[in-house]
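Novice: These are the residues of each chain, in order.
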Amino acid sequence: MRFAVAKTTLASLGRRAISPIQEMGRIAIFFSHGFFHIFSLPLQISKIIEQVYFIGTKSIFVICLTGAFTGMVLGLQGYYTLVQFGSEGLLGAAVALSLIREMGPVLTAIMVVGRAGSAMAAEIGIMRISEQIDALETMDIDPVRFLFSPRMAAAFISFPLLTAIFDVVGIFGGYLTGSILLGINPGIYFAKVQSSVLLKDVSGGFIKSLVFSVVVTTICCFQGYFTHTRAEGFGAKGVSHATTSAVVASCVLTLIVDYILTSFLL
Amino acid sequence: MNQPLIELENVFKKFGQKQILNGVNLSIYRGAVTTIIGKSGVGKSVLLKHIIGLLKPDSGRILFQGQPLSEMKKSARQVFKSKISYLFQGSALFDSLSVVENIAMPLKEKQSLPEAEIKKRIRNIMQQLDLSDIDDKYPSQLSGGMQKRVALARALVTDPEIVLFDEPTTGLDPIRKNAVHSMIADYQKKFGFTGVVVSHAIPDIFYFSQRVAMLEEGRIIIEGTPKEIQQTTVPEVQQFIRGLESRRDDLTGMHTQLQGEKRFLEEMARLQRHQVVFSIILLSINNMEEINEIIGHAEAQTVLKNFSVQILNHLRITDICFRYGLDKILAVLPNTDIDQARMVCDKLAKELKAEDIIGIRPYPEFCFSVDAGFAEAQQDSKIEHIVAMAESAQNELFEFKVC
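Here the protein sequences come in this chain order: A and B. At position 144 of the first sequence (counting the first as 1) the number is 144 in this note's numbering, and the numbers step up by one without a gap. At position 10 of the second sequence (counting the first as 1) the number is 10 in this note's numbering, and the numbers step up by one without a gap.
Misleading hints may appear alongside valid ones.
Claimed, not checked - Here are the simulated distance ranges between beta carbons:
no., chain 1, residue 1, chain 2, residue 2, range
1, B, Asn25, A, Leu10, 38 to 46 Å
2, B, Lys56, A, Ile157, 52 to 60 Å
3, B, Gln111, A, Thr8, 48 to 56 Å
Since the hints were made in silico from the structure, they are not lab data. Cβ coordinates follow ideal geometry from the N, Cα and C atoms, glycine included.
Between the sequences and the hints, there should be enough to build the whole structure, so can you do that?
Specialist: Structure follows, in C-alpha cells:
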C-alpha cells in the first residue's frame, strides 16, 4: 500500500518534470521546422506580404499611439526626477535611451502579441479543430510551412520596423511633455538625444526585436497549432484556452528573454 | 481478383482507453469502389484516416502496392500523397478562402500549372457539380449540401487515382445525393480511380460499389461483392442493412430493390401454387453517361426522377416498380404474359413524351434513350435469370431528341 502511494507520487513528480521539457522540445522542433521552410522553394512571397500587412501595417496606429504616450509619460516622470538634481537637460538622453534599449522592443512585442499574436493563435486553432489543417495534410501541403513560416518571416520584417516607429514617436512624445509642456529647450533635448544614442544601443534594440519576433510568433502559432492536444478543453473552449496561453506565455517569455538579452548586450 | 492496391494488415488503434480498431484486415483493389458500412461511431472515419496517413496505427501495417506506408521514403510518400485525395465528413473547407480559392488550393500549391489551365479545371468541375454563381462566396455563406459539393470539387479537381469519401452524401437532398452517387460511379468508370467510400446510404451503395465491407466492433466482419453482402445470413449484417433500408427509394418514389425482390418472390409463389403467370420489364437508360456530361449530374437525376414518375403513372397500380441499379428500373407485372408485356412496352413507347421527362427548358441537343426488355417468369427461376433473359431480349424502345 505504502509502496503504491510512493510509486504514484514519484510517477506524477516525474511527469511534471518531464512534461515542460517535452513541451520545450516540441516548441524547438516546431520553430526549426518553420524557420527552415521560410527559405524552402518556392518562396511564399505573396503570403509573407499578406502577413506583413496584417502584423506590420495594421499595427502602425496602435504602435504610434502607445509609443506617443510611453514617450510622454517618460518625459513627465524623467523631468520631475531630473529636475531634483538640476539636470533636466539630460531628459532627451533619458527618454531616447530607455526607449531604444528597452521600452521600444518590449512594448512593441507586447502590443503585437495583443493585436496579431492572439489572432494567429485563434485562427490556427480554429483551422485545427475544423479539420482544415488535416485537409492541408491530405493535399500534401505542409501545414507548418503553409501557416507558420510566412507568419514568422513577416514578423522578422515587421518587428524591427514597428520598434523603430515606436522609438521615434516615443522620442517626439518626450519632446511634447518635456519641451512644450515643461519648457526644456528643444535644441538641448534633441542634441542630447543625438549625442547619447550610440549605434550599439540601436543595434541592441534591433537584435531584441528580432528575437522577440521569433518568440512571439513561435509561441502563438504553436499554441494554435496544437489546440487539439490540450487537456483542459476541446473545440471552442480549447481555442479560447490556446489563445489565452499564447498571449500570456509570449508576454512573459518576452520579458524573461529581454532580461537575458540585456544582460548579454550591456 | 488482382493484387490489392491498398492493404490493411491487422491494424489496431486505441484512443485513451477505447479500442477503436481491433485488428482490421481489408484489401482495396485498383479501379474498384469499396464501400465501408457500419454503425455510427464504430470507427469508419478512423479507418479512412489511417489509409491517408492522418492517423498512425498503434500496431499493424498499411501497404500501398505491397509497400508499407510507414517504411516509405519521403519521395515515395509524396508520390502516394499526390495520387490520393480525401473528402472530409465535415467538408473541412478553408473558411477564410472563397469557393474558387478553396478548389484551386491543391492545384496552386502542389502542381505547377498555368493560371489558365487552373481556371479551366475549376470551371469544369464546378459545372459538373452544379456549383454556379458562388465563386466568390465563402463556405459559411453556403448551405451544408453545397459545402459538401465544394469539398467534393476540391477532392476531385486534381484527378486523383485514389479517392477516399467520408460520408459524401450525408445531409444532401435526394436529387443531389443520387447525383453524387452517380458521379462517383460515372467518374470511376471514366477515370478509373479507386474509391473507398464510407456511407450509410443503403441501398444506393450497392448500385455503385464493386466491393462492400462492414466494420463492427473494430473488425471487418464481412467483405464481398454487393450481391454477397445483400444475400448473407450473418445476422449483424442483415439487421444493419434492413434497419437502414427505407420502404421507398427517395429519388424515384419507387419501391426499394429489397422490397421489389420480396414482391417478386410472392408473385413466384403465386405462379407455383396457382399457375398465375407474371412478367417483368427491364428499362435501362442506355446513355446516362452522355446525359450526365451534357446537362450535369444533378439535372440528369431530375430526368431520371421524371422518367420514374412517368413510368409509375403509366403502369397499373398492382404493378411493382423498383430501381435495379443506378439507371435501371425493373417492373414486375402480375397476371401478365409475355405478349401483354410487349403491349405494355409499346404503350409506354407511344405515350411517354420527351417534354414530360426532360422538362421544357432549352437544353442543348441530346437524346434520352431507353432500352427495354421483357420476359415471362418461369417456374423456379430466380430473379437474376429472368432479368438476364430480359436483358438479352433488350432492344431500343424509345429515343427522344430534345432541342
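Novice: Each hint needs a verdict: does it hold in this structure or not?
Specialist: Going down the list of hints, with the structure as the test:
1. At roughly 41 Å, the beta carbons of asparagine 25 of chain B and leucine 10 of chain A sit within the given window of 38 to 46 Å.
2. Distance hint for lysine 56 of chain B and isoleucine 157 of chain A: a CB-CB separation of about 37 Å, inconsistent with the stated range 52 to 60 Å.
3. For glutamine 111 of chain B and threonine 8 of chain A, the hinted distance range of 48 to 56 Å is satisfied, since their beta carbons lie about 54 Å from each other.
The structure does not agree with numbered hint 2 stated previously, though it agrees with all others.
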